[in-house]
Structures are given as structure tokens and as C-alpha cells.
Amino acid sequence: MDNTKRYERLRDRYRNGDLDRRTFLGLIGAAGLAYGLHTPFARGALAATEQVRFDGWGGVVSEAFRQHAFDPYTQKTGINVVDGTFGGGDEYLSRVKASQPGEYNIAHLSGVFDYARYHGLGLTTTLNEDNIPNLQYVIPKLVDVFRKVTDGTLSCVPYDYGTTGLAYNRKHISDEEVKEKGARILLDERFKGKIGGWADWRTRIWYASLQTDQDPNGATDMDAIWEVLRTHRDGLLKYWSSGAELMSLLAEEEIYVTEAWSGRVYALQEQGHDIGYMDPPNGFGWQECLFVIKGSPMEACEELLNFMLAPETSIAVAEGQNYPPALDPTKVDLGAKIPTLPAFDPTGKLDGLTFADPVYWNGNEQEWSKMFGRIQKGY
Amino acid sequence: MTVEAREARQPFILLSPALVSVLLLLIVPLCFIVVYSFWLRTATGADQVGFYLDNWREALSDAFYRDILLNTLKIAAITTAVCAVMGYPAAYVIARSRGNKALLLLLLMLPFWISYIIRTMSWINILGASGAVNSLLMTLGITDEPIRMLYNEASVILGLVHFLLPFMILNIYVSLEGIDTTLEDAACSLGATRWRTFLEVTLPLSLPGLAAGGLLAFVLAAGTYITPIVLGGPTDAMFANLVFEAIITQLDWPLGSALSLMLLAVLGALVLLYNHFLGMGQLMKGLS
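Here the protein sequences come in this chain order: A and B. So the first sequence is numbered by my numbering: it starts at 10 and just counts up by one. So the second sequence is numbered by my numbering: it starts at 93 and just counts up by one.
For reference, chain A alone in the conformation it holds in the complex (with noise of 0.2 angstroms):
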């Protein structure tokens, strides 16, 4: 019996509910090992693709990703999977940008508008789909507007989705005031230098918008929003620029209310902190991709986005990460967890979550960007 064939067996008790997830994870582990030992020759032949670079946003989406893909995918294949981190999207590229092609392989992207600046950049290749059969179980949705831009082509599969909503300490804030004020919470006067804000332009601009009542995706106000940057500025404890520090600045009470990533907080509220949650009207929606750079062994690189879309595996990974999977919750069984996150949507048409709009947000990036970083240092 061939790995692969006895990869779908385990994965097939497992649906069936013969194997608990644990057992299935483990076994995959020992078929891997043992295939290592009894076919050495065909091993070798995958081997020319000794391993895959992964990076993501760190914290608990690597541990993640780590635990319940990476490692049963070393297990099943052979190929080492070396994760590395990014604090943002920005960042991520200049690296890419500097690197030699081939040195970085996949990436946790997030929003359409990076996947448009990595095309526009050349960096896209083009996905082999017949060798990843378990896109078939994602939103329709989440993969139509990737084949946007890149005419009908895919680099990426989509992998999770979720918004960037209001956080606060409910010691200080109640969850009516929250309501109530909605994105200017952020810029109220009672707790000026309590206040948090993601250092990432894009997510300023979007919460200035809501703030001066303008169109997320078309603001046409933006001295309105330069002036609402300012007001938050001065209101502002830090600028955080990582999720880690996100986390931290919530948990030690250094600030009471930001805008945050919704997982972080509900790993937040999972730990214990009284940490509320509330997505203001037209707030910030995303969904993430695993996006495979120009440069990189295609068939392991599809082979490990297959795999991590398999649902067993998509499924720990949500649970693990606080993301909803990009798998459509009508075709897949999401289990009892997921659909208790935030920003979950059961119908899987994703309606009720606003997307930043890669031509509007790409075409004003090199603008705005600079403005903000003037704004962000007093400016």
C-alpha cells in the first residue's frame, strides 16, 4: 500500500468517527515513519525537494500550524517544513523582495490586496489545482476574487478568514459603551493614553473612515481622516506591531481598548482575561491565503497546501489559530468549536463581512502610506 493510500484510509476512519483526532495525527506520524524505513528509494525521490519555507504571523497561528500540519506533513512526506515569522504584510514582501528566488516558498498572506502586489511585483506562479483536490472544499467566495487577479489562474489557496474588530477590558468598558460609541471609542477623551492601534496603514484608514462615517472601501473625505489619524495619535499609548504585543498590551492592562485581530482575542478570552469582542458595522474583514512564491518546488509546495486543507487538518489548525477555515461550512462538518469564533459565518457566503477592495487600497498605497507614517510621528 502506498503512503498516500494509506493516508486516505486513516483520514477516512477518522471521518467516520473510528479514530479520534489525536490517534489519526499519531498514526500518520508512524506511516510516515515507517515509510521512511521500507522504501528508502522512493523516499529519495521526493527527497530532491529536501524542504518547504513557511511564514506566518507567529504566536499561536505557528504553534498551530506547526502542531497539526507541519509536522504530520515531515511525517507523511519527508519534507522538512521551516516556518519562519513576519510582524506584517509590508514587511514580509521587502524580505521576499530582497531574497533569491526560491528561498521563500509559502506565506500566510492576508487580504486580496497583498495577493495583487505580489502579482504586480511578479511573484506569482500558478497552481497545478488537479493536485489539490481539497480546494474543492472551500467558499466559492474566498477563491473567486485570488482568480481575479491573476486571469483565472491561482497562486494561492485560501486558508482562513476574520475581522479586525474593537477590543476592551470590560473592567474599564462596558460592552453598551462599546456599542454605542462604535469605532470612536478609539478616540474618546476618558481614556487617552489607554488607547492601542495597530502600527499597519491600511487599518488606520479603514477606522478613520468608520470614524468620519465615510466608505471603507472609498473615502473621499481624507483630510477629514488625516485630522481623525491625529486625534487617535494623541490619544494613544503605542502604536503595537505584532499580535504577540497586541496581546500582552491587552493582558498587562497597559491599554483598555484597541482594535485587534479576533483571534488574538479570543485566545485572550480563552486565557482567562475579560476581553471583549465587537465587529463596529462595515468593520474590517479579511481572509488569508497560502501563497506560493514564485521560485518554489511546485508539486511539494501543492502537496503541503493539500494537505493542510484536507479538513482533519484545516479543522485543528481553526481550532488551534481562532480563524475560521476557509472550508465551506455546508459542504464540510466544522465540528462543535469553530462555529462559536468570531467573525464565523454558517452559511458560508460570507455576506455580512466587509473585504478591503484591492484596487482601491493598492492603487492609493504609496500615498497614503507615507502620509500615515508622518502622521503616526507627530506629524
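Because the hints were derived from the structure by calculation, they are not lab data. Be aware that one or more of the hints could be misleading.
What the hints assert, rightly or not - To be clear about the criterion: a stretch of chain B counts as covered by chain A if any three or more of its residues have a C-beta under 8 angstroms from a C-beta of chain A, and this derived list gives those stretches:
(1) 135 to 144
(2) 213 to 222
(3) 276 to 288
To be verified - Keeping only pairs whose Cα atoms sit at most 30 angstroms apart, straight-line, the calculated DSS-like set for lysine-lysine is:
(4) B/Lys166 / A/Lys379
(5) A/Lys190 / A/Lys358
(6) A/Lys188 / A/Lys340
(7) A/Lys358 / A/Lys106
(8) B/Lys166 / A/Lys201
(9) A/Lys358 / A/Lys180
What the hints assert, rightly or not - Looking from chain B toward chain A, a few residues come up when the C-beta cut is under 7 angstroms (computed):
(10) Ile239
(11) Tyr243
(12) Ile340
(13) Thr341
(14) Gln342
(15) Phe369
All figures in this text were calculated on a predicted structure; none of them were measured in a lab. Where a beta carbon is used, it is the ideal one built from N, C-alpha and C, also for glycine.
With the hints as your guide, set chain B onto chain A.
Relative to chain A, chain B alone:
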């Protein structure tokens, strides 16, 4: 080849590994940065190759860059002054101690075994809202709620002093070690008090070490970007943060190159001034 010609070539042969290293690791990358500074960033983030002066025009004419540069120099100067005031007594104690000098020097070097970022972040646990100092103050009933000590210019300077103090102490220590102590004895035997001996003999003779430590601390402080990110507030950015932001966040490598060359030029000018008045010999001595 004559003996004279062979002897004339010998220094260059001996120096060639160092010259090749400097060429490959310093001069060539610097040339790349100079070339980049004349390119342009396009809307997609790709660079437009050519000879454009736009980046230089922006870097040199925009008040934003000038103000941040001045603020950076101010923070570096304050940091250097604090390091000098704190570092001199420490260096003096080490230099004049008899039995435990090696132990004191080892203790001085200990912080270098821990990552600079970790050392910087450790202040969050000390001065943060639920950090050691605030916890103690609240436990003792001195304050009811945490005092804000982080995320301002003072905490940035504190972080920089923490990082740079050992460099300052080492330089002053080297200078004090080189002073012939019989000169101090002679001053005392001529009736000078210990304080006057220090002011008129020890301090003047150790000034080159103080200056060398000052130069090192100033240059390193002016070039830092981690400390303002970790310990600074919204408006405590330093010039290196602008370079980081242009290159990493805005993907504007050409402007980032121009800005980094601007900082290099300012700091290079300071080093030249130092060399003109004090010479680099003392600095090299301190570094060794």
C-alpha cells in the same frame, strides 16, 4: 624583483584579506545603496532604474526628515551625557580596584551575553503597568494606580543608556588604566587633596577615553531603531525608524537608501570632527 620592491609590496599583501573584506562587506554594498538612492519607487512597489534626484530632493528639503534628524541627535546627545555621568564613576572604581578587577570586568561584559532586544524588552516587565516597580509601589500603598513610566522619550533614553553604558565604561576604564598612578601620588605629595588630584590630574588624562566612549555611544544611539519601537510612544521615532519604514513598510528602497546615506553622512561628519581634534587612536584602543 628587488628586495626594496618586495618589501614595499609586503604591507599590501599582509593587509589584503582585510582590504578585500572591507571592499566586499562595506564599500560594494555602500555603492549599491548610492546607486539605489537615484532610482524611483513605482506604484507597484517595483523600482524604476535611472538617475533621478527626487529622493534626495525630498530627503534634504522636507522639514519632516530634518526635524526627526534633529530629535535623533538630541536623544543621542542626552543618552551620551547620561552614559558619561554614570559610566565614569563605575570605570574609576573598576580601574582602581585591586583584587576583584577581573570579576568586575566580567560583570560588565555579562549583559552582552543576552540579546539586545530581550534586554530592551525587560524594561516592560520592570516599568510596565503591572511591572515590578508599579507592583511594589502599589503594594506599599505609595500609589493607588500604576504610574505611567513607559512609552515616552524618557524610557527610550533609559533603554539606550542600558544598552550603551558598558561601551562608555570600557572606554573610560582603558583610559584610566593607562594613567601612571605615580602622577596622582606626586600631586598628593605636593599637597593636593584627593578631589583636586582627580580634577587636575586624573580627569584631564582620561578625557580621550571619555571622548572615545562618547563618540561610540552617540553614533550607536543615533543609529538605533529597536529601542524607540519597543519603549517609545507614538511620537518617539528616531531617524533609523524612518529608514526602516521607507524600506520595509513602504517598500521604497530608493528613498530609504537616500535617508540612510543622509544619516551616514551626518554621523560620518561627527567622526571626522572627532578624528580632527582627538584622533582615532584612543577609539581603537578602547575598542580593542
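Handout entry: Assertion that chain A covers the stretch 276 to 288 of chain B - criterion: three or more residues, beta-carbon distance below 8 angstroms
Key = violated (count 0)
Exercise for the section: Tell me if B/Ile239 is really an interface residue toward chain A, meaning its C-beta lies closer than 7 angstroms to one of theirs. Expected result: violated, 12 angstroms
Practice task
Answer holds if the nearest beta-carbon of chain A is closer than 7 angstroms to that of B/Ile340; otherwise answer violated.
Solution key: holds, 5 angstroms
Problem - Hinted pair A/Lys358 and A/Lys180, Cα distance within 30 angstroms - result: Not OK: A/Lys358 and A/Lys180 at ~35 angstroms, beyond 30 angstroms, violated.
Practice task
Mind checking the CB of B/Phe369 against every CB in chain A and telling me if the closest is under 7 angstroms?
Solution key: Violated, about 34 angstroms.
Handout entry: Supplied contact hint for B/Gln342, tested at 7 angstroms Cβ to chain A
Key = holds, 5 angstroms
Exercise for the section: With a cut-off of 30 angstroms on the C-alpha distance, tell me whether A/Lys190 and A/Lys358 pass. Expected result: Holds, at roughly 28 angstroms.
Problem - Given coverage of the stretch 135 to 144 of chain B by chain A, checked by CB-CB distance under 8 angstroms (3 or more) - result: Three-residue rule met by the stretch 135 to 144 of chain B, so holds; n is 4.
Practice task
Closer than 7 angstroms between Cβ atoms is the bar; does B/Tyr243 clear it against chain A? Give me holds or violated.
Solution key: With a closest approach of 5 angstroms, the B/Tyr243 hint holds.
Problem - Given coverage of the stretch 213 to 222 of chain B by chain A, tested with a Cβ cutoff of 8 angstroms and a minimum of 3 residues - result: Coverage by chain A holds here, the residue count being 4 at a Cβ distance below 8 angstroms.
Handout entry: Proposed proximity, A/Lys340 with A/Lys188 (alpha carbon, max 30 angstroms)
Key = It is violated: about 34 angstroms lies between the C-alpha atoms, which goes past 30 angstroms.
Exercise for the section: Could you grab the alpha-carbon distance between A/Lys358 and A/Lys106 and see if it respects the 30 angstroms cut-off? Expected result: The hint is violated at about 35 angstroms.
The structure is inconsistent with the numbered hints 3, 6, 7, 9, 10 and 15, although it conforms to all the rest.
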